Amino acid sequence: MEERQALRAELEATRAELRIARQLVDAAPALMGYWDRDLRCRQANRAYLAWLGRPPEELLGKSMPEVLGPLFELNRPYVEGVLRGEAQQFERELPASNEGLARHCLAHYTPDIVDGTVVGFFVLATDISARRRVEVELSATEARFRAIFTASPLAITITEAGRFVAVNSAFEQVFGWTEASVLGRTASELGMFDHPPEVLERVARGAGGMDPRRIPMTVIGPDGTRRDALVSTAQLTLGARVSTISVAIDLTSERAIERELRASEARLRAIFEAVHDGLFIVDDHGVVVDANRGACQQLGLERAALIGMPISAISARPNFDPRPALAEVARLGFVAYETTHRRADGSAFPVDLVLSSLGDSGIVGIARDVTERHHVEAALRRSERRYRVLVENLPGMVAILVDRDLRIVLVDGPAMQEGFSKAQMEGQLLHDAVPASFAAAVEPNIRAGLAGRSFVVEIPWAEGITYRYEYCPLRTEQGEVEMVLILGQDISERARASAALAASELRFRTLSEASPVGVFYADVAGHNTYANARWAAITARGPAATLGDGWLAALEPADLARWRTFVAEGDELVLEAPLRVASASRWVKLRVARVRDAVGATLGLVGTLDDLTERRQHALDLEQRNDELTRFTYTVSHDLRSPLVTIKTFVGYLAQDLADGRAAKIEQDLGFIRTAADRMSRLLDELLELSRVGRKVHAPIEVSLRELVDEALVMVQGQIVATGARIDLVTPSVIVAGERVRLLEVFQNLIDNALKFVPPGERPRVEIGAELGGPEPVLFVRDHGIGIDPRYQHKLFGLFEKLDPAAPGTGIGLALVKRIIEVHGGRIWVDSAGVGHGATFRFTLPGTLSGGPT
Amino acid sequence: MDGRPIVILLVEDDVAHAEIVRRNLESFRVANALIHLPDGQQALDYLEASSAGTVSRPDLVLLDLRLPKVDGLEVLERLKANEALSNIPVVILTTSDAERDVVAAYQRGAVSYLTKPVDFGKFVELMEAFGFYWLVWNRFPSP
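Chains as they are written, first to last, in the working numbering: chain E, 1 to 854; chain L, 1 to 143.
In case anyone wonders, no lab produced these hints; they're calculated from the structure.
Be aware that a few hints might be false.
Simulated pairs of lysine to aspartate or glutamate, EDC-like, Cα-Cα distance not exceeding 16 Å [what the hints assert, rightly or not]:
(1) K795(E) x E125(L)
(2) K665(E) x E74(L)
(3) K62(E) x E86(E)
(4) K756(E) x E771(E)
(5) K80(L) x E48(L)
(6) K648(E) x E125(L)
(7) K665(E) x E26(L)
Model, not experiment: these values are computed from the prediction.
Pulled out of the complex, with its shape left as it was, chain E reads as follows (with noise of 0.2 Å):
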């Protein structure tokens, strides 16, 4: 009982002490935890919680893989290794959780062995996050000290009691002492310095932290060179020991430096106070801090007051601002322009500026006085723009310059040849310049040229392209010919165009020589360049006498005044005129237009003449044709009702008159009616004779005048007797053409009129001929009777015309004769001095020659 009343107390004690274990377990700052075999969770603390989010009892009896998510693979080989027996350490970052950080943990798995069986695992880990950044701190600095103390250009050692535990590799650059010959040992031991032993003691002791004053010294390198330094010390104490720091600057490279900086400075003091230019150093706002000499001369101020003077008060543009060019500074490291600038008594000049950086030290400007350069400049700029508009504006041209070494100088122009380049040739010897065969042709020019020779010259420089080369010498003011200029011109289209133009002109002349109208071309005065030959021929001057202004005087004086207007200021004339020449007034149109250039300037005067003649005697002809046949209706009709009115009028009163038995008046009427029928009737045969005295139905023939005189006058032969008239054939020795019977009816007419009107009693005159001097023969039948009164003469060859409404007659015979001649082409007309005076009846037979049978 007591046994097991104390096995109950110990068991008691047990639990209370498994319940304290376990109350430990679980505030233990640290992951405790045991894994089966199998990997289950057989116990976890409450660090668990903590940790992982989940609180001991949830995990109990859960896998490994699962509470621990994707770290169990992470852990997976220290829990391969636990399970092979072997205890694991190893570090681990566990996320941040619901309770917080991320932490860093050491974690221990020690295996459960049971009868050489691993049957578990424990696990502990230990959260070692603060630890770990402290060191990972530490190490930071450390790095950062050690790079700064490796890479430090200050040399720096590190003693500890006198003895060098570090140094710096520009401690070894430096003074020439390397780590390894110093290490362990004492600056006195290695002799570097000399100084006085308090010095040293100084040194050696420090102030606790960086003694802001440096101690002169001279480090005494291994080979003994001495190298002036400043030395500052500091003391570190890190719990018992003792290190001291030193930063050595080595003075003598500064020294050096600053020597160099000096000469340098000296120098190029003195090159910005010698060049010319204007130098000026300004700050970041633009305002002077120093200038050179060249600066104050081209400005005309003292360096004084030049220093602290704005930029914008330098120049010359109004509202200057420099802040632009300041800005293009910085950015680009220098600007270059071309401005203005303002001298001390406000004339300005130009200037070449230069601004660039000098870093910290602000800007150098560089300003160069161009005023000559410009001068310079612009002559040249005006020469060559003279050269250039020059070269340019001549159309199709190229200008060559060749020297006395044949050398191309020069090549300009729109019009160079295609495979030819102002590059390719300047410079260039000829022979090199162009193909061989055209150097070897044009050389000798060059050289004629050379010789002193101007002349051109044209060259066909390919199919349809043709060069006109100008040669002009250019000499030395010595009068030396020192080069030749060569201006090509394509010529191709003027000379094709010329071409073409002689065509044309041929074409026109051609043409113009050929025109049925007269074509004449006048100057501005009116006065003929050209008159071609049909001009010629209507004016009736000869080729040679077609120019000038003579022919004028062949026009009306109205006609001649109007040309002189139109030559004035007229623009065009028409003129129908009669033209007075050598033989006869011949009828013209004449019209003749200004020509004009394009801007309205008189070139000149082209016109035509047209010979109407002809055309205006035929109008005139058909005129009077047709006046004729109107008359010739008229007349029919007028006389063929007139004996008609008789007849009716007086067949009405036989009527009547029968009726009344009124014997005298019957006679009367008959004998009206009698005489009216006859008249009808004969007027009836004669306009049919008339008729076909229109036609011709026989081919013309030749006789003599003398056989159609004879036929005619046995025609009228009693007549002749009757009136003892006397005949005579004054001209015997002549032939006329023409219808005989037609000519027969003629000469038997005009003889019988001859005949009829003589005075009562007289014996009848006749002459019978031709005139043979005139342009034409003209025949005649001329009389010795009663005379025509001139103002019944155009009546005479009117049809049933009678001057005598006593004569004997219808009135158509001098009609008929009419019709004849001019059926033959010929021409009638009466000459009478008048009544008492005969006539002569005169006409034209083409076809009438002197000549043939007496």
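Dock chain L against chain E, hints included.
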């Protein structure tokens, strides 16, 4: 009708036609005188003489157009050009019915244009009407 004889100048180259006119006007019992001339020249000569007062001044001229020597239109023109004669009425009596003759006659101052009809009855009728109009009803100015 003041009883003064009316003088008619007939210019007509066709004697038959002159006879017709004469016969027709004979029937009018008015004291009138008919002077017949066969060509234009004689008519002009008569008129010239009448303006000089040597022959009777005609009250009316009866004029044919187609006349020997000087034709009717010229006679008319010259009559109208003579101030002393220009108020004498001229009546054209002709065989022509050409429009141009009609126009030319009136242009030159004719007061009437009559075409001779180719018909006895009509010719007689025309002359009757002419006689009544000119010799009975018409009044002429005093010379």
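Exercise for the section: Below or equal to 16 Å on CA atoms is what counts here, so check K795(E) against E125(L). Expected result: Distance ~35 Å between K795(E) and E125(L) Cα, so the pair is violated.
Practice task
Decide if the proposed pair is consistent with the structure: K648(E) and E125(L), CA atoms, cutoff 16 Å inclusive.
Solution key: Holds - the C-alpha atoms of E125(L) and K648(E) are around 14 Å apart, at most 16 Å.
Handout entry: Pairwise hint evaluation, E48(L) against K80(L), where the allowed Cα distance is 16 Å at most
Key = holds (12 Å)
Practice task
Measure nothing beyond the straight line between the CA atoms of K756(E) and E771(E); if it is 16 Å or shorter, mark the hint as holding.
Solution key: violated (25 Å)
Handout entry: 16 Å limit on alpha-carbon distance, applied to hinted pair K665(E) and E26(L)
Key = holds (15 Å)
Problem - Given hint E74(L) paired with K665(E) - CA-CA distance at most 16 Å - result: violated (36 Å)
Practice task
Please work out if K62(E) and E86(E) have their alpha carbons no farther apart than 16 Å.
Solution key: violated (23 Å)
In summary, the numbered hints that this structure violates are 1, 2, 3, 4.
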